[in-house]
Amino acid sequence: MRILKSWRYPASWKIFRLDDRLLLILMATIVGNCSGLAAVILNRSLIAMFEWLHQLRHYWWVFVLPAVGAALSSLFLDKIVKEGAGHGVPEVIYSVSRYGGLLRFRSSFSRLISSCLTIGSGGSAGPEAPVVISGAAIGSNIAKFFSLNDRQRVTLVGCGAAGAISSIFNAPIAGMVFAIEVIIGEWKSVNIVPIAIASVAGTEISRILQGNQIAFSHRLFSIDLMDIIAILGLAVLTAAASILLTWMLRFMHKISGSIPAPVWLRAAAGGCAVGIIGIFLPVVLGEGYHSVRTMIEGTFSQGLVIVALAALAKIVATSLTLGWGGSGGIFAPCLVIGSLLGLTYHHFIALLWPSVSWVNEGCFALLGMAGLISGMLHAPLTGIFLIVEITGGYEVILPLIIVSAISTTLCHYIEPASFYLKDLVELGHLLRPGTDARVLSDLNVPEILERDCINVNQNMLLRDFINIVKISHRNYFPVENEETGDFMGIIHLDDIRPYLFNPIMYDAVVLGQIMDTKVEVVHPDDDLSEVLRRMDANRLFSMPVVINNRFIGLISKATLLDQYRKELMVQTSH
Amino acid sequence: MKLTIYEVAQYLHLPLSTVKRWIRQGRIPIQRSGKDYIFNESALKKWAKSYNLVFSLPNKVETQLQEARLENLLPAMKRGCVFHDLKGDNVAAVLETAVENLPALSNNSKEELYKRLLERENLTSTGIGKGVAIPHPHDPISDVLENPLIATCFLEKPIDFGAVDDKPVFVMFILLSQSIKIHLHLLSRLSFCVRDNAFVEFLKTSPDSDAFFSKVADFEKQLDKADNY
Chain Y
1 MRILKSWRYP ASWKIFRLDD RLLLILMATI VGNCSGLAAV ILNRSLIAMF EWLHQLRHYW
61 WVFVLPAVGA ALSSLFLDKI VKEGAGHGVP EVIYSVSRYG GLLRFRSSFS RLISSCLTIG
121 SGGSAGPEAP VVISGAAIGS NIAKFFSLND RQRVTLVGCG AAGAISSIFN APIAGMVFAI
181 EVIIGEWKSV NIVPIAIASV AGTEISRILQ GNQIAFSHRL FSIDLMDIIA ILGLAVLTAA
241 ASILLTWMLR FMHKISGSIP APVWLRAAAG GCAVGIIGIF LPVVLGEGYH SVRTMIEGTF
301 SQGLVIVALA ALAKIVATSL TLGWGGSGGI FAPCLVIGSL LGLTYHHFIA LLWPSVSWVN
361 EGCFALLGMA GLISGMLHAP LTGIFLIVEI TGGYEVILPL IIVSAISTTL CHYIEPASFY
421 LKDLVELGHL LRPGTDARVL SDLNVPEILE RDCINVNQNM LLRDFINIVK ISHRNYFPVE
481 NEETGDFMGI IHLDDIRPYL FNPIMYDAVV LGQIMDTKVE VVHPDDDLSE VLRRMDANRL
541 FSMPVVINNR FIGLISKATL LDQYRKELMV QTSH
Chain L
1 MKLTIYEVAQ YLHLPLSTVK RWIRQGRIPI QRSGKDYIFN ESALKKWAKS YNLVFSLPNK
61 VETQLQEARL ENLLPAMKRG CVFHDLKGDN VAAVLETAVE NLPALSNNSK EELYKRLLER
121 ENLTSTGIGK GVAIPHPHDP ISDVLENPLI ATCFLEKPID FGAVDDKPVF VMFILLSQSI
181 KIHLHLLSRL SFCVRDNAFV EFLKTSPDSD AFFSKVADFE KQLDKADNY
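Those sequence lines, one after another, are chains Y and L.
Using the working numbering, the letters of the first sequence map in sequence onto residues 1 to 574.
Using the working numbering, the letters of the second sequence map in sequence onto residues 1 to 229.
Since no wrong hints were added, every one of them can be taken at face value.
Below, computed lysine to any residue pairings styled on SDA-like, alpha-carbon distance capped at 20 Å: (1) K144/Y <-> F109/Y; (2) K470/Y <-> E71/L; (3) K470/Y <-> F192/L; (4) K46/L <-> M569/Y; (5) K225/L <-> M460/Y; (6) K144/Y <-> K20/L; (7) K45/L <-> T572/Y; (8) K225/L <-> I454/Y; (9) K470/Y <-> L187/L; (10) K188/Y <-> Y51/L; (11) K49/L <-> T572/Y; (12) K470/Y <-> K221/L; (13) K225/L <-> E71/L; (14) K115/L <-> P103/L; (15) K181/L <-> S472/Y; (16) K470/Y <-> I180/L; (17) K225/L <-> S472/Y; (18) K144/Y <-> I38/L; (19) K45/L <-> L568/Y; (20) K46/L <-> T572/Y; (21) K470/Y <-> Q222/L; (22) K470/Y <-> C193/L; (23) K2/L <-> S42/L; (24) K20/L <-> R565/Y; (25) K35/L <-> R8/Y; (26) K20/L <-> L568/Y; (27) K144/Y <-> R24/L; (28) K49/L <-> Q563/Y; (29) K82/Y <-> I113/Y; (30) K225/L <-> D507/Y.
Read the hints as simulated data drawn from the structure, not as lab findings.
When you get a sec, could you build the whole thing from the sequences and use the hints?
Quick look at the structure:
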């Protein structure tokens with residue numbers, strides 16, 4: 001019976017009590033399998049949907065398909081599961097840093113369905129962000145089911161994301177690096193080991209169910225020094241495209257937000273526009289893996305202008321789909337745009353220097369993908385490992401590193417926050433582990449409240465007050481209204497210092513005359529970073545905490561910093 | 001001894017809410033199962049050490065114990081006794097006779113005490129005015145005494161003590177205590193009494209010990225009232 005009762009509390013089993021690494025590895029296996037499965041399910045249903053809708057391709061009204069898909073997906077998200085549109089990765093990052101990775105159970109399937117509708121019908125978006133959300137939500141809910149603590153839950157959220165990415169790309173290292181670089185933001189062995197295990201589990205599930213296939217296999221490339229020099233230009237181009245895509249996405253989001261129409265109608269409008277673009281350039285439709293494959297194989301037979309136009313059109317289509325309320329990620333569009341850019345660049349330099357024997361255009365497509373992923377996510381390692389794994393092309397690693405590094409650096413130069421983090425940074429919600437903002441956000445006012453102040457009232461004589469000063473340990477004395485108990489002001493010892501040794505004043509002055517009434521007060525729910533900012537701005541060392549006009553305590557910088565240091569020690573070392 | 005979660009918070013010098021948050025966030029090796037907290041004390045100690053956190057009983061408890069021992073005037077005065085008509089023409093002579101009479105001291109320590117009292121008088125006079133002097137050694141004598149004492153000595157005839165107001169001194173309170181804290185505590189209480197002119201007049205009548213003690217008891221009551229405001 002006890003075993004039955006305790007199996008849901010594995011953290012309190014004796015073997016896991018002192019060190020939970022083993023427990024985390026065990027849980028990571030489960031989470032990795034589940035999220036891997038979710039990714040396979042989405043992948044399969046996308047393929048099924050694509051094949052089913054393919055029969056309709058020759059009708060003239062096919063351009064409304066993306067509109068219908070986006071509208072349905074938006075309706076589903078908004079009315080049935082009540083979740084926000086967009087790709088959802090920032091929400092996961094925010095939850096990891098603020099709420100210990102708590103995610104709703106319905107998140108584990110809602111995005112799968114909505115993105116399936118959006119992408120399957122032809123919307124320009126990727127299935128990766130949705131599976132990352134699902135994986136993360138699966139990890140979070142498994143952690144919740146087994147009553148794990150916040151730190152363990154965050155790790156499992158990372159495991160879910162890693163398992164999902166690993167499974168959908170058949171790329172274990174990319175999944176692991178993505179989870180750590182983008183989702184968790186902290187390189188610690190306690191996190192890395194379970195996440196690596198989850199990646200393995202996710203990849204294995206996908207290999208069992210779909211076979212061990214490399215997404216974009218290719219011929220061997222032989223890369224010369226000339227190619228590496230030429231690649232610098234490609235890096236700049238991909239950086240520019242990343243910035244453009246980021247801006248377009250945000251711009252579209254702003255425009256659609258200002259239109260007074262129901263969300264599903266907006267999504268339909270965006271989808272319709274994508275459908276119209278798709279009539280002329282079908283390459284922009286869907287997640288686009290097929291076209292990426294043809295480009296890497298070097299069989300994408302279009303001229304320079306068409307390819308360049310297609311790259312631009314893909315950027316526009318992606319921003320139309322995601323910015324106007326469709327559901328999906330930017331991973332796959334990045335790959336498509338990147339390979340289109342690579343191709344464009346290859347055509348361009350081949351035109352300029354026709355005598356040089358450039359490496360195959362597939363190689364440029366591949367490097368373009370890495371540049372765009374790195375630039376968009378500000379995650380160079382994710383870009384490098386993802387491309388190496390999905391193409392199985394280790395021989396391109398050198399130019400790959402160069403493109404990723406340059407693209408990330410340039411993008412960082414122009415847009416200091418990556419696409420995923422930009423909204424969070426603007427709201428002040430980016431709280432990476434070990435940062436000042438994180439430590440302050442974990443602390444709260446009641447934890448540093450000092451309650452040993454002695455309250456006085458406004459009609460008290462200075463003589464009586466001096467007797468109180470004698471026995472008090474503090475320099476601040478809150479003044480309360482004698483009848484109502486309302487907080488009126490505060491007396492600092494400095495305020496009475498001039499009269500302290502003048503007995504004539506003792507019976508002549510009441511506290512109401514000396515107290516400071518224009519005092520900055522704090523509410524217990526206030527953010528400590530804001531409180532500290534106000535302390536600095538007003539050169540205060542203590543502030544009274546007041547709820548509903550009642551004084552409940554004092555917070556002082558000294559106690560705050562003492563607590564801050566302890567928090568920092570516990571959060572950062574090891 | 002099994003610690004409670006509250007005691008753990010006390011040991012770490014942290015608010016309970018912080019410890020509970022750390023448990024929730026998994027920063028501290030304490031597990032929750034249902035309502036119970038499961039932890040191993042030695043593991044916790046090791047954890048605190050590895051993070052450079054203090055893990056000990058707070059000093060506050062100790063100082064509170066000491067403060068509780070702070071005595072008031074009356075018991076110290078009773079221990080020190082009241083002496084009348086002390087002989088002597090100058091400071092040194094009066095102090096010598098007074099020290100001779102002190103109870104509960106060995107001859108050696110009496111000599112030592114006399115020397116130290118005189119040393120203190122040479123520094124500056126302990127005559128605090130209105131004919132009252134409070135001789136005491138510069139540093140507390142912790143080795144000889146277990147409890148503080150105040151010897152009240154009414155002099156046979158007033159003598160010049162070099163007091164702040166140059167008035168001849170007619171009464172001395174020899175104040176002996178084992179720590180500065182107790183010394184200051186008693187001194188502040190004593191000076192509170194002496195500040196009252198009526199009390200000084202009363203002292204001038206060289207009252208017997210019972211009347212004197214009851215008067216001091218009255219003052220003590222006043223003082224306690226002010227303290228426990």
